[in-house]
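Trainee: Sequence:
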Amino acid sequence: MTTEPTLIDKTFDPNELEARWYAHWEQSGAFRPSRPDAQPYTIIIPPPNVTGSLHIGHALDNTLQDLLIRYHRLKGRDARWVVGTDHAGIATQMVVERRLAEQGQPDRKTMGRARFLETTFDWAKQSKNTITGQLRRLGASCDWANEAFTLDPGFNTAVTKVFVQLYKEGLLTRNKRLVNWDPEFQSAISDLEVEYREIDGHMWHFRYPLEDGSGYLAVATTRPETILGDGAVAVNPDDPRYTHLIGKRCRLPLVDRLIPIIADSYVEADFGSGAVKITAAHDFNDFEVYKRHPDAGIPVINLMNPDATMAVTCPDAYRGLTREEARKKVVADFDALGLLDKIEPHRHQVPYGDRSGVVIEPYLTDQWYVDAHTLAQPAIKAVRSGQTKFVPATWEKTYFNWLDNIQPWCVSRQLWWGHQIPAWYCATKEATRLEVARLAAGGASNDVDLDFFWSAMNQSHVIIAADEAGAISQAAEYYEVTESEISFAPDPYDTPKPYMLDRDPDVLDTWFSSALWPFATLGWPEETPDLARHYPGDVLVTGFDIIFFWVARMMMQGLHFKHEVPFHTVYCHGLVRDARGQKMSKSKGNTVDPLTLIDRFGADALRFTLCAMESQGRDIKLDDKRIEGYRNFATKLWNAARFAQSNGIGGQAMAPPVATHAVNRWIIGEVAATVTALDAAMVAYRFDGFADTLYHFVWSRFCDWYLELTKPLLAEGADAGLAAETRAVAGWALDQILVMLHPAMPFLTEELWHKLGRRPHDLIVARWPDAAGIPRDAAAAAEIDWLIGLISDVRSARTELNVPPSAKLGYLVDGAAAETLARLAANAPAIERLARMLPADAASDGGRLQVVVGEATFSLPLAGVIDLAAERARLEKARAVCEKERDSLAARLNSPGFAEKAKPEAVEKARADLAARAAEAERLGLALARLD
RNA sequence: GGGCGCGUAGCUCAGCGGUAGAGCACUGCCUUCACACGGCAGGGGUCACAGGUUCAAACCCUGUCGCGCCCACCA
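For the first sequence, my numbering begins at 185 and goes up steadily by one.
Rather than coming from a laboratory, the hints here were simulated on the basis of the structure.
Check before you lean on any hint, since a few could be wrong.
Keeping only pairs whose Cα atoms sit at most 27 Å apart, straight-line, the calculated DSSO-like set for lysine-lysine is [to be verified]: (1) 1087 with 1068; (2) 767 with 820; (3) 345 with 309.
Only a predicted model underlies this, so the values are computations on that prediction, with no experimental measurement involved.
All chains should be built: construct the whole structure from the sequences, respecting the hints.
Mentor: Listed below in structure tokens is the structure:
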């Protein structure tokens, strides 16, 4: 937009200009990669869940990504921020089901799968709009032209291909084993979705009668309801109390079943009663014990229905009860039989579903498992070898610890919202042959072995294919019939039938598809130019809480399918907490909507705050006061630009102007130092350092000193040449500020960029300054440092002696070197303005203020009465400070070993400092003497 | 039971081997021609504690105490 510069408004209204610039950038294609000759810079967004809206944690995550993207775009890289959203299986299905219930609509099962998916897609679309709107408000410069969604058809192609290939490679299998079952969702969930809560519960001790009637065996448990499924009692083989019972049997009360007493070292003799009931179908440990004792004849009895009510496998009296009711009844029934030994309070951990919040039930089911152990090995190696680095590096330990102990990954979910598993089941050939024979025999059943038939039916044949056509062709091949004889079952929940394919009704874990995000978003499995150019990406920015869920799995899948790591750096930021340090959560009601903060303070202020508070390895306690402070910072810059504009400053060339005056040469060098510091901060991912450097340069250096020091140079009647030079330098420096600040505060800076000059291009695509190309003048720096010191010291002295701020004082200087006299002359107007003092001819009576700066002593005679006592106190205090430093330096220099062992430059510096301090102390002493 | 992190000014946090820093808050002064969402000046810290290494420690090592988080099958 090459608009004519217009006057900068007196008030700064962030919201108006934010909307305007965002729309412009997006429409102008600034977010698209557009530099085919440049090195690409790629970030893939952690796709937000389409469960509603973004919270402040997303604002942090995306601010940091936008900072990196905008910075590298300015550095000339071909920046691409791949954006999109995640369908978030369980979470989204839960939200939609809840909404249906709230609105009194038919539930999911009544609606049927197709209509439910339609409804959920609608919700996802709505949520996506909310989310992408929020990202735009934040200023995220994403490549919207290629927005992805993990449930897109293209994504489904990738997911299916991965599934089929892993299956063919033997890395994905269907197994019957215990899973973490969520009775609320009636689905398996992964280990990572289980959270353990400390519960004040009970330990019940029950008596199991021994088979031979010789007594009882006391068994302790926290879960009495599972007694109904006990298959054995285990004791420690070395426990003298029980060794004589090993191999015998006891009678399980309530069920009246004889179960073996077995020995297993897993049992700890000194815990509970030393005897553990073994319920293989409802406890992970017990299942392991069961597997270790294949010859003990331990039954595996699944006690519950999918909703965790007691199933038909339980005695009549318990069927249909909830787990909780069954527990009470078991305890009561044992008590009635006189077999309840004791109840003791017991604090222990209970598994809960992190989404549903209900108690998880270990449950025996058939599920699909990925051989995570095999996939993990290259992922471990890639980080060990440094191909991918974590920042901060401490997270690598977390990553290794998890991958080193990784368990098979259960990827199937009994949900509807997600990628349906590309598996079809049909009756085995054996079963089919029998069925055909049975039909041929007129349907009579006595000709065939029905038991074998049913077991063969239950072990149905599995077909894995990319699509239905593939499934049909495989089935035809399997049965050795023509494809036309194969059909699909009308109801996927039916028992498998011959020649009839049942598609697995389950869907895949959301993270199964999220793991493919770095390449499936770029067109994979097609080898597209996008994929070639943007995989691997540069950096992944995410919260440490999803290292297991997501980062590790992207590493595994990326390495397996693309043979390359998906990104070279993983930047892990902390959690955003509230001002009191509490974790934000909807249930606590302390969540913050980023849009509210943007409305109040502006997106730039919010972004800058998050940037400034992001120090590595620490959570962020977000306080409104902090955002307010950075809003003020934005206003400060706005006003500085307004001042510049009113002085004819702005719109200069990108190369630093030639300058003669020290203050101009100084600020040019200060810009160079700032660029260097910012580059270093970015390389090190020190976002706090980046923000801090900008804040202090803009406010403390540029506004407080440079603009103030140059005011006399721009004043009416000043040297025209110097004024022109100063306008050029000020305009250039301000431009550099806009560029450097742009990644953190894109809206404000783009607005000022155009207000301050007629520009050939937008700021978003400007060039980041090259520190090496900017001259740094040490002499000018020394001079201005001296000048700032002088003005500061004089101001302090004046304030402490209560000299009215407006009073202009004359001064005499004593002991000044020629260089100092030259500096005084060269900077006289600035000194007069800022220190409010000017050279005087002779001291007047009535006392004087004395200020020691370096080798020179300034005397400011006061026309009126000076408080001699106050002045003495001030000088004495200054001298004391000076002497203390002097003595400490002397002590260091005199301490044994310092001169020999310390670095030579440290010794030299200490010597120089000592000399300066000693001289200053002496001068202060002289000044004190003069007071008398 | 393992692992990680944190304890620095009233608050939130930088600093991680050479004389204690920032922002906010606080105090005083200033309606000075960009800005009171401002300017100037200032007060405030035995850097959790105890040992050790070092010429030198907030910073490195060991231990203690206090917080927080993650992982783990004690029924």
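Trainee: Each hint should be assessed against the structure and marked as holding or not.
Mentor: Now for the hints, and whether the structure bears them out:
1. 1087 with 1068: Answer holds: residue 1087 to residue 1068 is near 23 Å, not above 27 Å.
2. 767 with 820: violated (33 Å)
3. 345 with 309: Holds, because 26 Å separates the two Cα atoms, which is no more than 27 Å.
Against the hints set out earlier in the document, a violation occurs for number 2 only.
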